[in-house]
Every structure is written in structure tokens, then in C-alpha cells.
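Undergrad: What follows is each chain in one-letter form.
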Amino acid sequence: MNIVECTEINKTYQQGKVEVQALRGISLNIKKGGFIALAGPSGSGKTTLLNIIGGLDHADSGTVNVDGQSFDKMNQSQLANLRLHSIGFVFQSYNLIPVLSAAENVEFVMLLQGIPAAERQGRARTILDDVGLKDKYDRRPAELSGGQQQRVAVARAIVSNPSIVLADEPTANLDSKTGQGLLEMMKKMNVEKKVTFVFSTHDQMVMDYARRLVLIHDGLIDNDLVKKN
Amino acid sequence: MHIHLAWRNIWRNPRRTTVILTAVVIGIWSMVFLGALMRGMMTGMIDNGISTLTGDIQVHHKGYRNDPVIENSMTNPSMLKKILNDTLPNGSQWTARIRVNAVANNARHYSGVTMVGINPAQEAKISFIGPERIQGKYLDSMDHHGIVIGRELLEKFETRIGKKLVLMSQDTNQEIASRAFKIIGIFTAEMKATEKQFVFVTMSAAEKMLKLKNTISEISIIIPENHNNSKIASDIREVLPPKDYEVHTWQELLHILTAYLEMFDQFMYIWFVVVFIAMGFGIVNTTLMAVYERMREFGLLKALGMKPWWIVRSVIYESFLLLIMGMAIGNLLAFACIHALSKNGIDLSYLAEGADYFGISRIIFPDIFFQDVLVANLVVIVLGIIVSIYPAVRAARFTPVEALAHI
Amino acid sequence: MSIDIKMAWRNIWRNPRRTIITISAIAFACLLLVFMLSFQFGSYETMINSSIKIHAGHLQIQAKEYQEKQNIRMVVPNPEETGRILDNVLYVESYTYRAKAFSLVSSKNRTYGVMVIGIDPSREKMVSTIKNSIRQGSYLSMEDKNQAIVGRLLAKNLGVLPGDELTIMGQGRDGSIAATVVSVKGIYASGIDEFDRSSIQIPLTVFQDVYTMDNAVHEVVVIGDSLRNISKIKKNVQGQLKKLKENEFLTVLDWEELMPGLRQGIEMDLTMGIVFYLLLIIVVAFSILNTFLMAIFERTKEFGVLMAIGTTPGRITKLLLIESISLTMVGIIAGIFIGSLLTLFFQYHGIDLSGSSELLAQYGISGMIYPKLSLLSALSGPFAVFFITVLAALYPALKIRKLQPVEAMLHV
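First to last, the protein sequences are chains A, B and C. Heads up: the first sequence at position 29 corresponds to 373 in the numbering used here, and the numbers run straight through without jumps. Heads up: the second sequence at position 318 corresponds to 1060 in the numbering used here, and the numbers run straight through without jumps. Heads up: the third sequence at position 134 corresponds to 192 in the numbering used here, and the numbers run straight through without jumps.
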């Protein structure tokens, strides 16, 4: 079953006075339970594709379906609602809310979903335990290391059981050891909780971990490899 | 060069600059504009006070001001005339009056009034009374029975032009003297109280009624505009025998008004400072923000060997420029508003009795006092620069390491 | 505590220096307004009370048009009957009768035209403060016949002291000459110069005799228990008067109608004050608008993230408004608190303005002014500050709605 279906996506940016064609008719389907890396050099369009799949950005043409819902006719708050329930995000620079503690950052998404406080707390703690942050519940982002912050970000992304987690260069700001730990953890989540992960990356380690590797170059898919285990 | 750099820095964040500039502009505008309105109110009160039979300087017989009765009159007008003609600068005007408390009555009403015996032609040059503010006829110096009264009194007495009005007062023999007059004219004045208080007859009619000869109770003098009335008053004082005469300036005569003036002065300067404090918080905060945003830049400059003093100076230049801009626009706006109001003024007639209560004219014309404008602008620029020293010094204190660590 | 408020509170203190400056600006405006409004209300109350207590009273029953014309023939013919009505009206504390006539008053050497007022000494002392403002001699009593009390400035002008004689000459109600000789029993200084310069008081019975008033008076002066209940008393008395046909030429005037100048003067003073205060608040609002703007623009990236994880723009606007409102509230509460303390201090100790006492005596204010803290004076200024500040905060908070998540996240 496909969670994401993209067909013929085009996207052009205005960068200063220059027009940049980021995506030139990309089509991509992603199945449930995947662990997929979109790889390519910077400027290849992989982040743009990720943003479009996440409903953060609009495609100039083409259609995007996530969880069987088409983005075409959605307004801002419908998109926000879709992101809230079906999509999780992990960013390169962690992007936690600086005034909230680790547990509160995770809880925040559930708060938006209207989950009662007691359940929120329980689930936030469980998920933080799962990502290996027991005893760090009440730390603020500034009191956590980069790797720990990114773990909180992953916990925040998966806590509401989204159909898909989109991770934009999640390891880029981490040293390789920390990055590997994070990837192990995400892999575990993928296996145990059947969370679908899509990465955009140019980190070899991420590509190694991925079970499917989509190579993007100049806004087009160069190669689509499905590894066999 | 510095100014040029400061100018560019100010506009790095146009929205923020516009906001704080607006605060400064409104502040300055309110200082200058409201200042001019208040001054206008004061000037109105003073002009009104002076024209309501006060003048710039008055000469009386000793004791008249405490006890304004006919016994305290001046008995040698020809000597006074000569002295005044010798002492007063060219362009001065003066007139003599007989002024006593009296009771006016007709068949139905009684009221206490001030009876003023005037020299009609000369009086018109000095005070508010004169042919152009009269309905009916103004007095003629040969008229022995005509009387001009205020509209309020006329209405209170339910009478009209052509009707009889009797005045009673104490004559020189301390007997009650009374005389019937015919109302020939009605005057209107700025204050209702004035219309109720004063009735005008000719000097000769007053003399006849009070059995006086060659006697006056008051001399009122108007001096040309560029002369100092207290100096002229002391000149007159010197030539008049001090045991028989007293000379007063309007500031002494209208001492309550003078007290008002002083209070308004204080109030205005307090207001300037209060408005400044209100915008001062904004100036400090905005400058701090601008400085913290450029922490890296300042750290870098220091790493390159820039002296802290130079950084302090450049931040202060920016505040200075901002303040100057705000002041220019604020003053311009204020002057535009003042100009717009200078023709018609602000009409307070809907609160006429309130205006009367405070002795304020019913129409206020703004009046620019150079000193107020100067003080307002000085307060803003001087205090403005003083408060921006704090962010400027903060900026100069960033160490290169701290600054480069800042994201 | 809800997470929204927790977030807002923590965000406020992310930049303590900026926050403190902003709170100070708001607190400054509030404390100034609390103090100034209390000061103004306090002096108005003094002005109103001194005029009410000296001559006007809270309410007067008069013949129609007497107020404008002050004609001696426009009388309340049966004062006792009106008194019986007042005895049964709720909130009425006391009342008295007065008759007035403009007359010539002469001492040995001087003559002045003044208002001669006939008063009922036993009733008058419950209505007016003149009894307590006798400076020389003593107040009138019920037994007095041809005695008078004289205003301080008039006594000075006439050159009389207690014991001296005065001749009164005027016109009676029937048009006849009214004349009598009285001796000065006391001299009063009411505090209102104009009143002290132009009035003398004699016993009502003497007045009625001299001016051929029969039993009639000109004013029935009523004092209620407080300013608040005056309109109720007025309505009630009007209703009672209407029941009798012979009373239809009587009218009830409250203090505002009796002293229109005072009321409009207060209105004018208040209006001018409000213009000044509004301008001050607007300057403060622009002063702190930058704080609100900055608090938002330097966090654009954060809002981008919030949107990416599914927060709606409306929710972010709400978060920001909670933030600005809490910040404003802290400033306002601090301002009300400090302003009230300051006001209470001066309410207790008074503000010495004896430097301008002559000026203030015109309005019935002695050398000291006591500000009066009330719910109105403590809250109306800060409420205006709150309203205008929130208006200022609304602009940046609404701008958030136009934010696009991708652009926002690219923002540094």
C-alpha cells in the first residue's frame, strides 16, 4: 500500500533574479513501513521534494497524495491538520521549542491533537524512554547535547503515530558516532513500531542504513534502488 | 562619513525604525502642539484680562486698590497728564476713568455693578469697549444720560435699548447718590461675568452724579509691544509722589492670572518630561535590540582593533539621527496643526460656562512660544542621547569571543 | 497551568532586559494615570463639596425660573409643606429654608450692593458649613433679631467688626422699600472668595418681616446622604410635588443645575486631562510596539517549526496574544499597585499647594489637595493602557497569519 503518491511534480523557485527549477516532473511512490533515503548533492531538489511531500510547500504542477488525501484542495489549516496527524518532521538543526522541556516538546504535538494531559504525559515519557532519554524529561533543549536534542525531535515526530516521518538531513549536525546511534534508534522504531521514515541526505551512513535509495540529480530521479536484505 | 554610516544602519530594519520614529514624532508633536494650545489659552486669558479695563499699567491714588471708593481718587489730572506725556514712550496710549461700585436697578431688578465713567474715544483705544463691539450706540463724550451695559445684565434685567436704568452709589459726601440713565448700547464681552459687572457712562455724567470735579479714580496705560511694562511702571513711580500714588503692572493687578501662568509653566515642563519618559523606554529598548542584533558585527570590529569609544560614538550617532528625524517631522506636524487652527481656533462654546468658570476665552487660538518649543526639543534630544548611552556602552563591552559565539 | 500560558510566560523572560524595560514603560503610564486621575477626582470632590456645603446644597426646590432671574417675587409660598414632603423622602439627610434679596448695605463710611440671605440658624447649621467658618464673633442663633453675619472680604470692604452696625436697604416682595438696621454678630470665611465678598446672612424671620415675604422663602436647600443618591432623591421629590396642583410652579434643581459653571468646568478639565493621557498612552504604545514586533520576528523560524509540526496559524496568534497580554498585565498590575500606594500616601498626607492658595481659593480649595483613590480612578487609566497596548500587540500577532512554513524556517 502506498502512503505517498507523487506524480509529475514540477517546482520552480525565484532566487533573487534567477529562476531555479528545483523539480522537473518527479514521480515517486512510497510504501508503508519503508526506510527510504532521498540522496543527492545540495541543490538537487531533495529537500524541496521532502517539503512538498510534507505539505510545507506547494508544487507548481503535479499531484501529491498522502494517506490517500490529495493536497490540491487543502487550505492552510487543513494542511496543518494533516501534518499534525499523519506526518512527523525531523530537521537538520533539531528545531525544538526552546522554552519547553524535552517532555513538553513531545507533549506539545499531542496537546495540539487534543489528547488529555494524563495520557500525554504517559506517552511522552514512554517514547522518550524508547529513544533513550530516560531521566532527561525535564531538560530544556539548551541543556541537551545535539544528539539528545535530535532524539527528542524524533520522539516528537513519532509520538502521535504518523503515517510517515520526514527527516531532512537529520545527521548533518552530528558527529558520526552520535549519528549512527540516532540511525540505530530510528531503525528500531521502524522495525518495532512500523514507522515509515523518509530521509533527505547526502550522508553515506544514512544511505547505507536505508533499504531503498532514491538518487536525485537536477530535479530528476537518477536511480531508484531497492536493497535486498 | 559617520553620519552616513549611522543613516544606513538605522534603515537596516525599516519597520523597527519607523515604529520608534512614530513614537518620537507623536511625542514631539504633542509637546509642541498641546504646548501652543495651552499657551494660547493663557494668552487669551491675559489679553482678556488686560483689555477688561486693566491695561499694561495702572495708576491709582494710594489705597484705592484695597478700598476702591471715591475718597481714594486722584485730584490733579492735569499734572498726571503732563507727567505721563513726558514719561511714556512714543506710541503709548492712556486713558482716565472714574470707577466706583454701584447698584443698578430698574422697576423690577437690583444688581451690584461697577460703574465706569469713561472718555469714550480714548477708552476704545485701550480696552475691549468701543463702537465695534456695541449693539445700539456707543457713548459720545457730551452724552450726560446715556449708558452702555452688557448683554447678560440686559437680559437679567429684562430690559432693552431706550429703557431707563438707575444707578446708585456713594458720593463724595458719603451720601447715596442716584441718577437715571437711558440704555443706548449693549456690549458683548469674552466673559459673561464681564457683561454682568460693568456699566459705562461718560466721565462727565459720572462727575455730575458723584458731585466730582477734576477727579479720576484710575489711569490705564497701554504701551507699545516691544517695551517692558515693569520698567516703565518704575519710571512713572519715580516721578510721582509715592505717598499719594500707586503704580501697578498687569502682573500685579491680575495676580491670580500671574499665579496661573507660573503653574502652567511648571505643568508644561513636567508634561514634557513625562512624555519623554514614555518614549525613552522605547528608545532604550529599540537601541538595545539593534545593538544586540549586531553583536557579531561589533565583536568583529573590536577583533579588527576598533576602539570601544568608537563603537559608543557610532551607536549614539544613530540615536541622534533618529531623534533629529523624529523632531523634524514632529515639529513640522505640530506647526502644520497650529497653522491649521490659527484661523478659527478651537471653539469651547459648548462648555461656555465651564470656560467662564476658569476664566478661559471661548475660542482658543494656539500661540507658539519660542521658549516652549526650544525646551521641548532640548528635553528630547538631551535626555534621548543620555538614555542611549546605556545601549551604546553595552555594545562597546561585547568581547570578540562572546560576540562571535552569539548566533 | 495550561501549556499555552506556561510557554507564554517562559517566552516573556527569554530576554529579561527587554521585558523589564517594556513592563516599566507600561507600569509608568499606569501609575501616572492612577495618580493623576485620583488627584483630579479628589480636587473635583473638594470643589463640589465646598460649593455644596457653603451655599448650593445637593438639591434646591425653587419657583420655576428663580434660578435664572433671582426675582424676589418668585417664591416657595408654603415652605413647611415642602418640608413635610422632604421629611418622608429616603436618603434626605437635612434641609433648610432661605430667602435672598439683593440690597444696599452700608456701614458708617461705605456702601456696597450685596446679597442679603435670610437663614434659619437651627436648620442651616445642618446644611452648610458657614457655622464652622466663623472667624470672628459668633454664629446666629434662634433668638437673634437684628443681627447679621458678614463675609470676611465684605467686612473688610465695609470696614466693620463684630458689634458694628449696618444699614440694609432694598426692595420688598411687594415692591415697597425694605430697610432695617442690623448689628454684626460674626464674620465668616467660607473659603470661596466670591461668596465672602458679596453676602451677608440674617435670621429668616427678620428677613421675612423686612422684605414683606409673609411666610414665603426662595430656596428649600436639601442635603442628601451622598452624591450618589441625589438623582433618586430628585426623582422622588419631583413625584411628590406633582401630586398637588398648587405646587406645579415649583421645580427641583440638583447641584449640577444650580452650578452649571462648576460642572462644565470639571468636564473641561477632565477633557483636557483625557487628551493629555491618551497622547501619553499612544506614545507608550509605540514605544513598546517594537518589543512585540521583535519578540515575533526574531522567532520566525520557531513559528515555522511550530507550523511544520501541525500548529495552525490561529493557534500561534493566540499564543502570541497570551504572551503580550501577560506582559501587559504584569506592567498594569505593577503600575496600579505602585500608583495606588503613591496615591494613598498623598491621600493621607495631602499635597501642599499653599503656594497657589489664592488661586485655588477661587474654587473652594484650601492649601491642601487630597487625591482620592477610587475604583474608577485606579482602573480607568490602566484599562485604557491595556486596551491600546493590546491593539498594538494585535498587529504583529496577526501578521503571523501570512507566514509560510518553508520561508519561516529559512529565516535566521
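Worth flagging that the hints you see were computed from the coordinates, not collected in a lab. There's no promise every hint is true.
Straight-line C-alpha distance at most 30 Å; calculated BS3-like pairs for lysine-lysine [said to hold, decoys possible]:
| hint | chain 1 | residue 1 | chain 2 | residue 2 |
| --- | --- | --- | --- | --- |
| 1 | B | Lys-1085 | B | Lys-1049 |
| 2 | B | Lys-898 | C | Lys-111 |
| 3 | B | Lys-934 | C | Lys-301 |
| 4 | B | Lys-950 | C | Lys-214 |
| 5 | A | Lys-531 | C | Lys-127 |
| 6 | B | Lys-879 | C | Lys-64 |
| 7 | B | Lys-804 | B | Lys-898 |
| 8 | C | Lys-292 | B | Lys-924 |
| 9 | B | Lys-985 | C | Lys-166 |
| 10 | B | Lys-804 | C | Lys-166 |
| 11 | C | Lys-166 | B | Lys-953 |
| 12 | C | Lys-359 | B | Lys-898 |
| 13 | A | Lys-480 | C | Lys-111 |
| 14 | B | Lys-934 | C | Lys-300 |
| 15 | B | Lys-934 | C | Lys-64 |
| 16 | C | Lys-111 | A | Lys-417 |
These stretches of chain B come out as covered by chain C in the derived footprint (C-beta under 8 Å, 3 or more residues) [as the list claims (entries may be wrong)]:
| hint | segment |
| --- | --- |
| 17 | 866-879 |
| 18 | 1009-1019 |
| 19 | 1117-1131 |
Here are a few chain C residues that sit away from chain A, every Cβ distance over 12 Å (derived from the structure) [stated by the list, open to error]:
| hint | residue |
| --- | --- |
| 20 | Trp-67 |
| 21 | Arg-68 |
| 22 | Asn-136 |
| 23 | Lys-166 |
| 24 | Glu-325 |
| 25 | Met-365 |
| 26 | Gly-368 |
| 27 | Thr-369 |
| 28 | Arg-373 |
| 29 | Met-467 |
All figures in this text were calculated on a predicted structure; none of them were measured in a lab. Using N, Cα and C, we set each Cβ at its ideal position, and we do this for glycine too.
Undergrad: For a quick check of understanding: which of the numbered hints are violated here, in increasing order?
TA: 1, 3, 5, 6, 7, 8, 12, 13, 14, 15, 16, 17, 19, 20, 21, 25, 26, 27, 28 and 29
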